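Trainee: Could you slot chain B onto chain A? The hints should help.
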Amino acid sequence: AQSVTQLGSHVSVSEGALVLLRCNYSSSVPPYLFWYVQYPNQGLQLLLKYTSAATLVKGINGFEAEFKKSETSFHLTKPSAHMRDAAEYFCAVSSNNNDMRFGAGTRLTVKP
Amino acid sequence: GAVVSQHPSWVICKSGTSVKIECRSLDFQATTMFWYRQFPKQSLMLMATSNEGSKATYEQGVEKDKFLINHASLTLSTLTVTSAHPEDSSFYICSASTPWVTDTQYFGPGTRLTVL
Numbered sequence: 057a058q059s060v061t062q063l064g065s066h067v068s069v070s071e072g073a074l075v076l077l078r079c080n081y082s083s084s085v086p087p088y089l090f091w092y093v094q095y096p097n098q099g100l101q102l103l104l105k106y107t108s109a110a111t112l113v114k115g116i117n118g119f120e121a122e123f124k125k126s127e128t129s130f131h132l133t134k135p136s137a138h139m140r141d142a143a144e145y146f147c148a149v150s151s152n153n154n155d156m157r158f159g160a161g162t163r164l165t166v167k168p
Numbered sequence: 018g019a020v021v022s023q024h025p026s027w028v029i030c031k032s033g034t035s036v037k038i039e040c041r042s043l044d045f046q047a048t049t050m051f052w053y054r055q056f057p058k059q060s061l062m063l064m065a066t067s068n069e070g071s072k073a074t075y076e077q078g079v080e081k082d083k084f085l086i087n088h089a090s091l092t093l094s095t096l097t098v099t100s101a102h103p104e105d106s107s108f109y110i111c112s113a114s115t116p117w118v119t120d121t122q123y124f125g126p127g128t129r130l131t132v133l
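As you go down the protein sequences, you meet chains A and B in turn.
Under this note's numbering, think of the first position of the first sequence as 57, with each following residue one higher.
Under this note's numbering, think of the first position of the second sequence as 18, with each following residue one higher.
These aren't lab readings, by the way, just hints derived from the structure by calculation.
It should be emphasised that the depicted structure is a prediction, and the values quoted were computed from it without experimental measurement.
Idealized CB from N, CA, C, for every residue including glycine.
Mixed in with the good hints, there may be bad ones.
Residues on chain A that point at chain B, a partial pick, calculated with CB under 7 angstroms [to be verified]:
hint, residue
1, Y88
2, P96
3, Q98
4, L100
5, A110
6, P135
Covered stretches of chain A (in silico footprint by chain B; criterion: 3 or more residues with CB under 8 angstroms from a CB of chain B, positions within the stretch not fixed) [said to hold, decoys possible]:
hint, stretch
7, 123 to 130
8, 157 to 164
Not close to chain B: a few residues of chain A, all C-beta gaps over 10 angstroms, as computed [what the hints assert, rightly or not]:
hint, residue
9, G64
10, V67
11, S82
12, N97
13, G99
14, L112
15, H138
Here chain A stands alone, though its shape is the one from the complex (with noise of 0.2 angstroms):
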């Protein structure tokens, strides 16, 4: 079975400060991984996606992440938060697309 552990409910940034939001994964085979973006009352929205290519993915909206196999994480960084950027964060891992596991979801307050 596959699951993601998002580190931190709640994380409160100021604006132009380095966002970091916390993932790790379990999966007994190569895992695809996936952040999401969610603003109020709206569905999902991909930000980048690890599919067994290079480690470190850039997303959209300046995001990226790194895939580190031995600290099986999948940590969500941006380099300078803006207020645009408050929202909640989903970290998700499956095996083959159709298996999508969402971890608990990150709240991201930027401050002014």
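Mentor: Quick look at chain B alone, frame taken from chain A:
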């Protein structure tokens, strides 16, 4: 490209009635569609997976007779909540995938159901 829509975006109904939610892939053929439920401040929980023309596969603990899923065409799947109760109030999100773009699910905007 790869847009998924849901209708309605929100619905309020009385306890005991049935509600149908539509999920459409607008610009691609979705061989597989997924239905998720999200309670406030919680993550998405997969309810069922449906392949076009086949019966849906439900996750453990999801009542198939209560949550009827139909995937009759490559662009439309419907979720019907039968005899809805207040505890069914939730945010329902669908997603769709196509074999031409592997490893990706495209998510709809969600439908908020409130049962009075």
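Trainee: Taking each numbered hint in turn, which are not upheld by the structure, reported in ascending numerical order?
Mentor: 2, 5, 6, 7, 12 and 13
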